[in-house]
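Build out the structure end to end from the sequences listed, making use of the hints.
Chains as they are written, first to last, in my numbering: chain A, 1 to 205; chain B, 1 to 205; chain C, 1 to 400; chain D, 1 to 400.
Please keep in mind that the hints were generated in silico from the structure rather than gathered at the bench.
Small disclaimer: the values here were computed from a predicted structure and weren't measured.
Please note that a few of the clues may not be correct.
Claimed, not checked - In silico BS3-like links for lysine-lysine, alpha-carbon gap of 25 Å or less: (1) B:Lys139 with C:Lys165; (2) C:Lys387 with B:Lys26; (3) C:Lys246 with C:Lys256; (4) D:Lys256 with C:Lys165; (5) C:Lys256 with B:Lys139.
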Amino acid sequence: EKLGIGATASAEEIAGWDIDIRPDGKGLPKGQGSVEEGEALYEQFCSTCHGLFGEGEGRWPVLAGGQDTLTEERPTKTVGSYWPYASTLYDYIRRAMPFTAPRSLSDEQVYHITAYVLYLNEIVEEDFVLDQDSLATIKMPNQDGFFVDPRPDVQNTRCMKNCADPKQLHIAGTLRGITPVGHFVEGADAPAASHEAQMEQESLK
Amino acid sequence: EKLGIGATASAEEIAGWDIDIRPDGKGLPKGQGSVEEGEALYEQFCSTCHGLFGEGEGRWPVLAGGQDTLTEERPTKTVGSYWPYASTLYDYIRRAMPFTAPRSLSDEQVYHITAYVLYLNEIVEEDFVLDQDSLATIKMPNQDGFFVDPRPDVQNTRCMKNCADPKQLHIAGTLRGITPVGHFVEGADAPAASHEAQMEQESLK
Amino acid sequence: ATTMAGGAIAKEVNTANLPPNEPAWGKQLGHGVVENPYGHPSEYEKHVVRRTVPWLTADSIASISMTPLQDLKGIITPNGLVFERYHGGVPQIPMEEHRLIIHGLVERPIIFTMEDLMRFPSVSQIKFIECPANGGMEWKGAQMEALQFTHGMLSCCEWTGVPLKVLLEEAGVKPEGKWILAEGADGSHMSRSIPLEKALEDTLVVYAQNGERLRPEQGYPLRLLNPGWEGNTSIKWLRRLEVGDKPWYHREETSKYTDLMPDGRARKFTFVQETNSVITSPCPENPIVKSGFLEIEGIAWSGRGRIKQVDISFDGGVSWVPANLKGLVLDKALTRFSLVTKWDGQPWLLQSRAIDETGYVQPTLKQLRDVRGGNSIYHKNSIHTWKVAPNGGITNVQIT
Amino acid sequence: ATTMAGGAIAKEVNTANLPPNEPAWGKQLGHGVVENPYGHPSEYEKHVVRRTVPWLTADSIASISMTPLQDLKGIITPNGLVFERYHGGVPQIPMEEHRLIIHGLVERPIIFTMEDLMRFPSVSQIKFIECPANGGMEWKGAQMEALQFTHGMLSCCEWTGVPLKVLLEEAGVKPEGKWILAEGADGSHMSRSIPLEKALEDTLVVYAQNGERLRPEQGYPLRLLNPGWEGNTSIKWLRRLEVGDKPWYHREETSKYTDLMPDGRARKFTFVQETNSVITSPCPENPIVKSGFLEIEGIAWSGRGRIKQVDISFDGGVSWVPANLKGLVLDKALTRFSLVTKWDGQPWLLQSRAIDETGYVQPTLKQLRDVRGGNSIYHKNSIHTWKVAPNGGITNVQIT
Ligand code: HEC
Ligand code: HEC
Ligand SMILES: [Ca+2]
Ligand SMILES: [Ca+2]
Ligand SMILES: [Ca+2]
Ligand SMILES: [Ca+2]
Ligand SMILES: [Ca+2]
Ligand SMILES: [Ca+2]
Ligand SMILES: [Co+2]
Ligand SMILES: [Co+2]
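See below:
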């Protein structure tokens with residue numbers, strides 16, 4: 001039984017907030033983008049953090065490269081090496097990037113930049129034109145790399161006695177120096193009140 | 001089964017904190033007090049708030065008078081008119097008065113002042129000497145005025161229909177002007193952040 | 001944001017932040033983590049605070065402030081909003097310098113540090129605390145046009161500590177021991193006599209509320225908690241427990257916290273907070289803002305155990321319909337009730353009536369007054385009435 | 001105040017405040033009521049705060065801070081200490097300018113004000129929220145010498161709001177509707193695809209936590225709550241719910257919140273937070289301070305329902321003894337366990353192992369690693385080990 005609370009949302013109201021994109025292209029706005037125009041925009045708005053080639057400046061995220069590293073000890077997960085769908089890239093740039101000014105780019109600009117990031121990942125050629133139709137046709141390298149959660153995947157049992165051989169236990173402690181412990185180690189400084197202050201404190205060690 | 005947590009408290013440690021007095025005199029310290037010496041001390045430490053005769057300055061508590069008012073529309077409950085035991089007076093002055101400097105009086109001073117407050121209430125004569133033995137013998141006017149909680153004292157029933165005569169309902173609203181409502185009446189000031197500020201706000205109305 | 005009588009203060013709405021527009025906060029970054037390493041509510045919730053009634057007491061230091069029940073949901077009161085009552089102001093006590101002494105009629109007097117007390121196995125329980133003067137301003141007539149002032153001397157937290165019984169066993173109560181004097185460390189050295197029976201039943205010595213250590217206003221670092229009993233017995237800044245054979249008849253159990261009857265005699269040791277309830281929405285601070293569907297909501301509580309049933313009346317007590325209990329229904333804890341209905345401008349006289357597991361039915365105001373008159377100050381747990389105006393505004397009325 | 005290794009910072013004790021002396025705070029008055037109309041903890045509890053691990057993220061604005069579980073009791077996390085996780089900082093949203101739109105495969109798209117949402121019948125439930133990255137820093141090896149950092153992306157509150165099911169009924173989901181996209185209003189516009197099945201089962205749209213309105217860090221004025229599921233799905237500053245026939249595969253369900261397996265393939269839609277537990281006392285921040293009686297205490301939780309049993313091992317998992325559950329044992333809520341024992345300097349390898357009502361037994365680290373390797377980042381719920389030194393100090397070790 002409906003309670004009749006809330007107003008009917010108008011198509012116009014919804015359109016302004018309905019920013020999501022799906023792998024099948026649903027949600028993509030009109031317009032198109034080119035690698036070429038994307039380059040300039042990327043260098044203007046993105047490269048300070050993500051690097052000229054998507055390699056990531058400092059500790060900011062890496063956007064390109066890392067192909068075939070997913071089984072390595074330290075995999076590099078990028079748009080090219082890990083992401084299953086190109087639509088996610090358009091969607092994410094449009095909703096969240098550039099980091100300090102989300103929602104500041106036009107739909108057209110997002111098309112250009114998306115094309116360029118795909119190009120940096122060697123997914124499209126430099127003359128590729130990205131639009132409503134072509135985006136959904138892009139097959140990403142790792143598209144088939146995902147499968148649905150199979151958990152519970154380990155079956156422990158409620159053993160109460162002789163559950164392990166005491167002589168076979170391998171006990172490993174922590175690496176030193178990476179835990180922020182200023183707040184409870186005797187004689188150490190009090191906890192920092194902000195992220196920046198804590199960084200500074202760490203760096204003084 | 002005892003867990004052995006905590007240390008045995010020494011007699012000396014306990015003595016410093018064991019300040020309570022009972023109606024039978026248990027807890028009273030050595031010493032004595034007189035109405036005469038009490039007068040000067042009372043006037044020095046107590047009268048600014050409680051008045052020269054225990055009548056209470058401004059909104060501070062009244063300590064004397066009010067005999068035979070307990071059945072009146074606005075009873076005056078004081079040491080003399082209401083309190084069942086004299087021991088309570090010694091105990092309370094010792095633990096809590098003078099208000100701004102609790103525990104500042106000596107045991108002897110408390111004896112003097114207690115004698116004087118009893119005198120203000122016409123419970124002792126002006127030559128009375130209060131001590132460990134005499135205090136417990138004082139019979140207060142309202143000593144027999146108390147009885148143990150007899151609740152539940154009203155038996156409502158879970159009536160669901162025709163529980164009252166709608167024509168007999170007498171509906172009375174509130175007196176105006178005494179509720180602090182600044183926080184939710186439209187256009188009124190925001191709530192005061194302190195007691196003083198709120199008093200001030202009220203007074204501006 | 002309503003412009004109705006009695007409604008919340010209206011706020012200008014900036015339509016640039018409404019759809020289809022992207023609001024300002026969607027186009028910029030907010031503050032980062034541990035900017036407030038111990039957080040606080042939104043700047044838009046500044047009106048949700050404890051409040052006092054200045055003319056009640058001579059000084060704010062021996063006074064009371066009330067919980068904004070009108071703004072709260074569920075059964076937990078957040079620590080910053082738990083009502084305050086004390087008689088010598090709030091002491092600032094360093095944990096390491098606080099002690100609890102248990103002595104008197106015991107085999108071994110003990111002195112505990114806080115560290116000692118926290119070594120005992122702990123228990124955590126959700127219990128209400130209510131000042132027995134809650135609603136006391138309304139004995140002679142309706143006075144307060146606000147739920148916060150008619151019922152706000154009431155809060156409910158998850159308390160953690162040690163059963164007093166465990167501490168008493170450690171000290172070994174002698175057979176003559178029948179009462180316990182509990183005493184605070186603050187300037188008022190508040191003291192109350194507690195029957196040993198209660199102490200062995202469910203009294204706790206607690207050091208935490210809603211997970212964290214007690215707030216200073218609530219007795220940091222240690223307080224007593226007598227579940228279901230008048231708040232005044234749950235001594236804060238607890239420093240001493242003396243076992244004796246008789247009660248002490250101190251100021252807070254003679255001059256205060258005794259209930260004067262019409263014949264001039266007074267009840268003593270009126271410990272239990274009897275079954276009570278109140279509708280929290282609507283209420284004077286929460287008027288009805290729209291016609292149509294309406295959930296009537298409120299809280300019920302009993303110092304004798306669990307709430308069994310709450311009924312609602314729309315006509316000042318002539319007829320009643322059962323409400324639903326929702327959420328957890330716990331022993332001596334706030335319990336939420338709810339009734340879903342419709343309102344289209346009817347001039348209701350709204351009431352709630354709670355029944356606890358002992359079968360006790362919350363009384364009418366007339367029933368209470370017939371027995372207790374108008375001077376008993378404490379323990380006014382009668383059925384409360386909100387009058388609903390045709391514009392949805394709510395006022396406090398009394399029906400006799 | 002201990003001077004043991006790993007102990008709390010020692011504090012000078014002023015003996016003038018110990019018995020038989022009257023302490024300073026007994027000889028003066030403290031502050032009065034509404035001095036802090038919204039209170040705060042004691043100045044002696046300043047160390048009880050959320051903390052972050054600076055090297056985890058590039059910036060504090062897309063980061064996480066952890067709950068000081070080592071300082072908490074019971075099952076409620078006070079609002080000021082609930083862990084923070086967000087990707088565009090904390091927006092400051094005025095209640096009156098927030099909207100929730102429900103649209104997509106529905107009969108009638110609706111736009112709600114906060115006032116609208118609060119007119120629906122409310123429900124209040126105590127549920128934990130946990131980041132699936134909780135413990136994630138420990139996949140490859142022990143790293144963190146602090147409970148706050150090994151397990152602190154975890155909190156538990158009483159949440160109040162409306163079942164999403166009720167809102168969906170109001171809009172009327174079309175038969176093709178199978179998934180819901182939930183989206184935030186903050187700068188990150190966080191979005192996640194939620195199966196309709198979950199939405200109809202127990203998802204809530206909440207506006208209050210522990211009685212008061214949501215904290216800004218927790219989504220004020222509105223957030224989603226998917227009980228038992230990874231915290232990331234409980235979208236904060238919730239402004240939009242779109243019903244669709246397929247999932248969206250957005251950044252937070254592809255690039256992030258997928259679990260990379262040793263073969264290079266990755267699990268997607270790993271929603272449930274599986275059964276987990278940890279000993280909170282002793283722990284690195286709470287070393288054993290005295291020989292003799294000791295209560296071992298901890299918390300257990302399961303995203304699949306109630307905790308049924310917790311066992312404790314003193315020898316690194318060779319043998320186990322049952323612990324007791326204490327306090328409330330609620331669905332998808334923190335549950336306290338306890339075991340009373342004695343300690344006299346033994347070099348324990350302390351572990352806890354929780355079992356939930358589905359019969360699932362918390363796995364060993366080796367069992368998890370054998371299946372998932374060391375790169376899956378999320379969902380590390382394996383049995384945790386604290387090593388007890390002869391001086392009572394506690395360190396974090398891993399046993400394989
Ligand atoms: C000021 C720094 C900054 C700038 C400028 C910036 N980004 Fe980012 N970017 C970030 C941060 C920080 C994150 C991670 C946010 C998080 O954790 O939620 C991120 C994440 C991303 C991701 C997801 C990475 C992943 O592996 O999940 C993409 C794609 C991206 N940015 C693209 C862009 C593009 C395109 C632009 C320019 C239009 C841009 N960024 C500008 C800081 C920046
Ligand atoms: C600065 C004001 C002030 C001074 C000075 C003061 N008092 Fe009080 N007195 C109070 C207040 C306020 C209360 C009520 C405290 C409360 O509500 O807990 C009180 C309460 C009392 C009561 C209990 C009254 C009752 O009816 O329960 C007694 C007895 C008393 N004072 C005696 C004394 C004596 C004796 C002195 C001097 C040694 C003294 N007072 C000094 C303010 C004062
Ligand atoms: Ca859409
Ligand atoms: Ca270039
Ligand atoms: Ca004594
Ligand atoms: Ca004189
Ligand atoms: Ca309001
Ligand atoms: Ca500590
Ligand atoms: Co009473
Ligand atoms: Co997951």
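Provide an ascending list of the numbers of those earlier hints which the structure does not satisfy.
When the structure is compared with the hints, numbers 1, 2 and 4 turn out to be violated.
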